[in-house]
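Same order as they appear, the protein sequences are chains A and B.
Convert by adding 5 to the 1-based position in the first sequence; the result is the number in the numbering used here.
Convert by adding 1 to the 1-based position in the second sequence; the result is the number in the numbering used here.
Simulated from the structure, these hints should not be mistaken for laboratory data.
It is possible that part of the hints are untrue.
[Said to hold, decoys possible] DSSO-like, lysine-lysine: derived pairs with alpha carbons at most 27 Å apart:
#, chain 1, residue 1, chain 2, residue 2
1, B, Lys126, A, Lys113
2, A, Lys78, B, Lys30
3, B, Lys60, A, Lys92
4, B, Lys60, A, Lys83
5, A, Lys74, B, Lys60
6, A, Lys123, B, Lys60
7, B, Lys125, A, Lys92
8, A, Lys78, B, Lys10
9, A, Lys78, B, Lys60
10, A, Lys78, B, Lys125
11, A, Lys83, B, Lys125
What follows is the residue order along each chain.
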Amino acid sequence: MAAAALRPAILRRIRLSPSPSFSQPFAAAAAAAASHPHALARWLSRPMSSHDAHLTREEVVDRVLDVLKSHPKVDLSKVNPDAHFEKDLGLDSLDTVEVVMAIEEEFKLEIPDREADKIDSLPLAIEYVSNHPMAA
Amino acid sequence: MAFTMRAVKVPLNSASLEEARHRVFDFFKQACRSIPTIMEIYNLEDVVTPAQLRSSIAKQIRRNQEVTNPKVIDMLLFKGMEELNNIVEHAKQRHHVIGQYVIGEQGLVKDTASKDQGGSEFLKKFYTSNYF
């Protein structure tokens, strides 16, 4: 888990210069990738993968906040990325489960019971979704 | 088939309130995960969103939130499971699902309220829940 978090950080610092011994498409791809180190990291780790849905943290935060705002019982003014469902937003345990289910639907995940019980605040939800490999 | 998998083979027997509470949340999650199937079976795409169905299921569960006896909770859960089974195996029809879960009790009470002007407070509370 730590290695997966470190890998993009390490790969971000690697820069390959496009060498003329590469074949044409590789040279073009490497040239384009060298100017965008993040894209290069993705290209190196999963070159032919069609699973290129890589959620950035801001995107996860935005979508989780949208899910919360569309819940009928949530007060829109209190929604911020640090809110606790029961203490700050005044939801009860059934509402918390409902919000977790809404997050499951939004990101096309299936969260097992053990993990779902631990998610009772927004920072935990955002962290769980960001770390989930299948989040879409 | 989905309904045979869902049938409760062992009768629920919760030892404590905590276990019963856990079972309620499991049931709620199971119902929420069946929502896409339900929307497809009954063609509810234009009528209601999954979020509204989740809220309506939560409302039904919340109607019994005052119950503290684990055995009563088990019985209510059994009835809920039976209802969910019926809906998922298409034993109900579209107007049942729309009338009971999309419009809900609220819609019907609102419709009758304008007609019977003398609707008493007791009756309104009686229509919403057994416990008041």
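Verify the proposed pairing of Lys83 (chain A) with Lys125 (chain B), using a straight-line Cα cut of 27 Å. Answer violated: Lys83 (chain A) to Lys125 (chain B) is near 33 Å, above 27 Å.
Would the pair Lys74 (chain A) and Lys60 (chain B) pass a check requiring their Cα atoms to be no farther apart than 27 Å? holds, 19 Å
Between the alpha carbons of Lys125 (chain B) and Lys92 (chain A), is the straight-line distance 27 Å or under? Outside the cut-off at roughly 32 Å; violated.
Starting from Lys60 (chain B), check that the Cα of Lys92 (chain A) is at most 27 Å away, please. holds, 21 Å
Please verify whether Lys78 (chain A) and Lys30 (chain B) have alpha carbons no more than 27 Å apart. holds, 19 Å
For the pair supplied as a hint, Lys123 (chain A) and Lys60 (chain B), is the alpha-carbon distance within the 27 Å limit? The given pair, whose Cα atoms are some 23 Å apart, holds under the 27 Å limit.
Assess, step by step, whether the Cα of Lys60 (chain B) is no farther than 27 Å from the Cα of Lys83 (chain A), and give holds or violated. holds, 23 Å
If you draw a straight line from the CA of Lys78 (chain A) to the CA of Lys125 (chain B), is it 27 Å or shorter? holds, 23 Å
Lys78 (chain A) and Lys10 (chain B) were given as a pair; does the straight-line alpha-carbon distance stay at or below 27 Å? violated, 36 Å
Mind checking the alpha carbons of Lys78 (chain A) and Lys60 (chain B) for me, to see if they're no more than 27 Å apart? Since the Cα atoms of Lys78 (chain A) and Lys60 (chain B) sit roughly 12 Å apart, the hinted pair holds (cutoff 27 Å).
Taking only the CA atoms, is the gap from Lys126 (chain B) to Lys113 (chain A) under or equal to 27 Å? violated, 39 Å
Figure legend: structure checked against the earlier numbered hints; hints not met, in rising order: 1, 7, 8, 11.
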